[in-house]
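Each chain is listed here by its residues.
Number of protein chains: 4
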Amino acid sequence: MRHDHAQWGSADQIGAANLLTTEKRLAALQSVRQGRIFDVSHEIYMGAPYMAPNQTPYLMSIFGSWRHTIARRRKMGATNDAGTNLERIEMTTHVGTHIDALGHFSKGDMLYNGNKAADVVTDWGLDRLGIEHAPPMITRGVLFDVAGATGAAHMQPGQTVTVEHLQRAAEAGGFAVEPGDIALIRTGWGRYFGTDNARYVEGEPGIDVPAAKWLIEQGIVAIGADNMAVEVLPNPNRSIMMPVHQFALAECGVYLIENLALEDVAAERIHTACFILLATKLRGATGAPVRPIMMT
Amino acid sequence: MRHDHAQWGSADQIGAANLLTTEKRLAALQSVRQGRIFDVSHEIYMGAPYMAPNQTPYLMSIFGSWRHTIARRRKMGATNDAGTNLERIEMTTHVGTHIDALGHFSKGDMLYNGNKAADVVTDWGLDRLGIEHAPPMITRGVLFDVAGATGAAHMQPGQTVTVEHLQRAAEAGGFAVEPGDIALIRTGWGRYFGTDNARYVEGEPGIDVPAAKWLIEQGIVAIGADNMAVEVLPNPNRSIMMPVHQFALAECGVYLIENLALEDVAAERIHTACFILLATKLRGATGAPVRPIMMT
Amino acid sequence: MRHDHAQWGSADQIGAANLLTTEKRLAALQSVRQGRIFDVSHEIYMGAPYMAPNQTPYLMSIFGSWRHTIARRRKMGATNDAGTNLERIEMTTHVGTHIDALGHFSKGDMLYNGNKAADVVTDWGLDRLGIEHAPPMITRGVLFDVAGATGAAHMQPGQTVTVEHLQRAAEAGGFAVEPGDIALIRTGWGRYFGTDNARYVEGEPGIDVPAAKWLIEQGIVAIGADNMAVEVLPNPNRSIMMPVHQFALAECGVYLIENLALEDVAAERIHTACFILLATKLRGATGAPVRPIMMT
Amino acid sequence: MRHDHAQWGSADQIGAANLLTTEKRLAALQSVRQGRIFDVSHEIYMGAPYMAPNQTPYLMSIFGSWRHTIARRRKMGATNDAGTNLERIEMTTHVGTHIDALGHFSKGDMLYNGNKAADVVTDWGLDRLGIEHAPPMITRGVLFDVAGATGAAHMQPGQTVTVEHLQRAAEAGGFAVEPGDIALIRTGWGRYFGTDNARYVEGEPGIDVPAAKWLIEQGIVAIGADNMAVEVLPNPNRSIMMPVHQFALAECGVYLIENLALEDVAAERIHTACFILLATKLRGATGAPVRPIMMT
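Chains as they are written, first to last, in our numbering: chain A, 18 to 313; chain B, 18 to 313; chain C, 18 to 313; chain D, 18 to 313.
Honestly, the hints are just simulated from the structure, not real lab data. Please note that a few of the clues may not be correct.
Intra- or inter-copy, both count: the list cannot distinguish identical chains.
Claimed, not checked - Subject to a maximum C-alpha distance of 30 angstroms in a straight line, what follows is the list of computed DSS-like cross-link-like pairs (lysine-lysine): (1) K230 x K41; (2) K230 x K133; (3) K133 x K92; (4) K92 x K230.
Could you put the whole structure together from the sequences, leaning on the hints where they help?
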């Protein structure tokens, strides 16, 4: 599989989502036997972890409440005391469990598929490559339980998930990657999401570029992990920052899914399952908070 | 089917989502033959319609951009020019295609299932009945193409979708409602979403309480429509405001799904299909913008 | 008086505020005889006028309220029931009565005093020329009651306030501009602020570049008006947009003060008075909402 | 001086600002001899200290920038390349140097002057007692350099500024409080604003209720300090929280001014001076970020 930008045509905005074929989708749906749902997302709340300074805090407060909406409606002549509760949220889309849009990262001044950042990135979001282009993802998810394979409760910040780790985890899981799959990598680090946020974002175990390359060469649509950035942080080479984001998003058109909650599926030893992720179509956004599930 | 609050127990927070049985889910998945996906949501963007004053505008702007993140990372010693694009969003959850949480509406000082609004509604959201409690919805969706059945391109603001309208549309669609279904009502009004927002929110065709009651008595989990409020606006009885919201959410524990995009499925004469909606778990939120799909 | 950027040195960031000498300040203070204060600002509120799309709505809601803060403090052991009320605001600084920072406008890629916009304008505000550099302004304010001099209640949108208008108003007011003064121009248009916002922002009477030049050549520090943009909108030459902003801010380093409330001072026939404006030091901001006063 | 709510009438919304007489104002202005301005406010910026959870972070990013506004205007036919830079801010009003509105704190369900919190505090701010009611404050400021009088660089968190401290500082400063004055208390703690924010908000030296009472009995309009809360934190009596806020705002109608920058005036041994504070009229807000000055 080639990874040059031209493989899906110069107009392409969905990248590896081109591998989400109808056959793949039907096979994933037909693999569901029990109808069990595993929720692989965390709740989003004030205090959810974020990596400053680019990521920013999530804030929510009630904007209209039952008390005052009832009072306002009474003044307008209403007699049925319908009270509305409705909030105002301030957030980045990279909060909680979320998916990155292909336009989230650049390599210098270039985005995925030859798009110039100067043309695409406007004050008000992405004119191309925004998350609204990410199609519904219904395919096979494959869980690389790397932490489980190493026997540790979790890997360590700065510890790289290598190709070998992935190969061993696939073997332990009894699966081989196939085109159109979505890779879910369990480092065990997710246990600190919401329980020790300072620790969670200070660094993390994660993949390096060779591991991303190995996955992508096999036709992976998206790489998810139970950490904030999928990739190892800090990068062992301190003069390189966020290379997996660059490689996956900007070079290969492969999506990243972050802050997954993978403890339950790992505990049940589920290694392949129907994976569904439906990204809200926030036009021009660089990602979307999501609620992916796995089904068996 | 009884609709009193006690039917699913005094601790229940999910209401009619209790009807989403494993059998129902498996049947819906197994009904998918072609693997076709119909996207029944609109994009969310600055300028999306909202009903002031409770609903508020959606704002998005780039918070961190490739130019400045590259510059910052260079100063930190990075040589690979990874540029991040990342936005800040200010919004209500009731923007675009969205689902209402059960705690979104009160009847006086009472929320669904005997919850007192004074206890549940805090400054920072709902302590109970927030959208994080809404489970993944994978079930049969049934399309009541009311506009199609009437022969008009769309119904009129203030025009009520009655029980008779629904019955006729079901008959035309060749289906009967079954417990655990999700009802999707097409009034044709959705054509003004994003094309004439002022008109879209000034009023709308929609159901009345008897129509909601008829659906709910048959075991509907959620009622969706191609308008802002599901229900007819303004209410023909001007002294009653938002009675369907009160009835469905606060009395019956039945969800509402708003601003659906139903033109495509209607054009293809799809009346029953696998419906999937995965609400992002925004803790304590009164709703969530979503990307529901239908599959055949 | 020359207006080239070099007049106050290449490091200068305050522009015409250099004309705010100690002598000027003392004279203004000593001119106060009665101790009367005239409030020349409007209140800022949800619904305040704004010019889309660059200007954006002002939103405010209570974030923490007495009810819930008392409850939280009780849980922490407090017995004195101290309730806090505290809001969250989302806004642009160009809301209500406000002052523009010198970095608010560019002429192509250049800002005031030879600053390159590409260097100064970051994702998070202005690295130079932000409103925090605007010193306290305590000087003589001179009111050009142009509407009063014409005899009309207000001038019309698209109607230019010319040099002749200003000259006639100064004559009627019995004053001559002196270096270090702040000019306040009454078009009468302010009567629609908050009373007919749609009309208020659709267009406005205001000055043209020759009028700005005439004021600036006499040593004006800032030009304020009872409209949204100081300058005539739409510009009679439709291929030129916002030329007074460019000229005053980017070329001359002269501040603009917008949405002033000048009806009261005009009604009292006050033409010169001590003017005080203290811009909140929002670092890197392109302006600040303010509460200027005049004193006699 | 009595402190019961009735002293300025049952309709009063400005409290001790009633003491800001014309005579007081003229005397303050006439005290200015040199025309020197001392800026006693800090800059407001992302990262400014805040006391979670009620206080919330300040966020600012450019919403419209020169590059894209020029591009948009070119499309509309403009040839003069006017570029706008304009931000979006999310904030509480209690950021940086700010003044508290009288409605900021309650004593149980009561606000200042017999106002019931349930009536006054709405979803969208204060219907009464909001900061828009605070008149321009131009009066004598008196600096209690408590840290200077103790000889320490700064007092310690949890250390109370007592009546005796204030008396000694007034004596050292050579002044006696007079009705209509504004008290400025220097604890030295302000040195940590922006230099060690974690330390700055973890606790602070400040006044207790007897010290507030002593000041208020002498006719103080407002009490300011170089810390986040004016009052000592944590309160030595852990079962009492924020009693000075309750007493000053809710009981006495006396304003609080927080996060003042008092090092410069103290270094210059300025103990009495003309103090000017002009709170932006944010309707219904519980405070306002400000830029107070002192003049000699």
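* Which numbered hints fail -> none
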